[in-house]
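Engineer: Sequence:
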Amino acid sequence: MGTVAGAPGRQRTRLLFWGVVILLTGLHATTFRITEGQEDELTGTRKANVEMAYNLHHHAVFSQSWEEPRARAFSAYRPPAYPTFLALGMLLVPDLETWDLPRITKDASRALSPLYAIQKLILLLTAYLAMYAVWRTTRSRWLCLLPFPLICHTPLLLVDYRPILNKYTNLFYPTLLATLLITALGLSLLIAFEKKRYWQFALSGCLAGVLALTRAAFLYYMFLGALLLIVWLWRRPDQRRVLAPRAACCIAVAVMIAFGWMARNQHHFGRFFIAERGGYQLAARAQMLDMDTGLYFVSFLYWNNSPFLQHTVLPRLLDDELRERIDLKLHPKAWKGYKTNAKREWLRYQRRYESSVVADRILLRESAAAILKRPIKHLLISIPLFHRGMCVEKPYWLNWLLFCSFFGVAGWALSRGHSGLLAMLSPALFCFGFNTAVSNNLPRYNVLLIPILCVTVAIALHRGIEIVAGRHGLRATEPDRVRPEGE
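Numbering-wise (our numbering), the sequence shown opens with residue 361 and increments by one.
Simulated from the structure, these hints should not be mistaken for lab results. Mixed in with the good hints there might be a few duds.
What the hints assert, rightly or not - For each label pair, taking beta carbons as the anchor points, the in silico distance ranges come out as: (1) Thr385 to Lys556: 20 to 26 angstroms; (2) Lys737 to Gly386: 48 to 54 angstroms; (3) Ala586 to Arg804: 39 to 45 angstroms; (4) Thr672 to Arg557: 36 to 42 angstroms; (5) Thr403 to Lys754: 44 to 50 angstroms; (6) Arg372 to Arg596: 41 to 47 angstroms; (7) Tyr437 to Ile478: 43 to 49 angstroms; (8) Lys754 to Leu707: 53 to 59 angstroms; (9) Leu456 to Ala728: 29 to 35 angstroms; (10) Thr458 to Leu584: 45 to 51 angstroms.
Stated by the list, open to error - Derived pair list, reagent style BS3-like, types lysine-lysine, alpha-carbon separation capped at 27 angstroms: (11) Lys407 to Lys527; (12) Lys754 to Lys527; (13) Lys407 to Lys466.
In this text, a Cβ means the ideal position worked out from N, Cα and C, and glycines have one as well.
Using the sequences and the accompanying hints, generate a full structural model.
Structural biologist: As structure tokens, then:
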């Protein structure tokens, strides 16, 4: 009788839940026609991505050249996945054939308007994946709703809050594509480790390979993941027979996808790699080895997005002259800053050897050697950079909530031996750790982690509810909840 009586209540709860999901989607859809933030003239990275997409669309070649006589010159300055995505989106622009490249880059908001809508749909899909990840790990319908307003802008629901990811729907950065891929990869790994099916591991490998072609750093995730998996299986001999061949399938698929592009670069440039700029990024990090003690401690206050620290604390500690000197070093666009100095080094080598590929390789080797000579200083500089990379969202306190939940849930999963949850978090853990260790860790490098961070907030909240409910003799989970491994 209890089951029969409870069925209408569960049905009403289910209908109410889907009604809220539809409401949130509708609220976000109201922003689709808002063009605030769309660029009329493209510059920098956004222009380079559109140039590569245009050349792929018109000439079927990966090239960053914008002058028509050089439009067929091969290049490997950037990874290929996002320009390919833009080139496919250009198929939806009916009159693009009548636009030349300079005109497109000067009037992008009109020429490429369908691409902005596609990026908004990608953000919406990412939010749905994050919601499903919460459901897979908690079996709580209402906690599933938590990631949506933190990922997608929902007017009237949170009037003064605009998630940072919404800004990227109007910018041609690879951030949204990488966000979708890292969220999908985490979810796919979670399901693969739970279900132990070959096709799910193969899908995870496919996502990891495409992610490496979007953010080249994830090539190292494949090898590091393989190493950690070997350690895991060595400590868990009972899982070797089932997990080892399936994980090998996952890694093989990922490596084949990435190595295909790397073989293309080996053929054209004589170097087996995904994209340039690794040397430039590491050189910017090596430049920080010259940071003095005063600058080091000031960097904790300077590299953040807290209005209180930036506009109240810092002005009281620094006079205008000292603040200007600090700006010249710590600001990412400063003329004498670490990043700008690294760029000058790269240009110097490029002019000397007349090859950006050779310049990048030499800079990578020299920067690595400089860091290995001063490893303790390098590790110390990682501490303020760790804090800098955390500042992905506003308000400032929200970053602490997101990352404390993230590392807390990761530690809890490790202590419980929850391989599926650890697998889901592993791409995000790698991304943040890699950016902290070998780059200048700009906050925008870690924006793609926000959906996974939101998932961990929901998991931490659910775990807290379970603990409180357990102390009071209540049941906090639904009867069909799948318990994590090790519980």
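Engineer: Failing hints, ascending?
Structural biologist: 1, 3, 4, 5, 7, 8, 9
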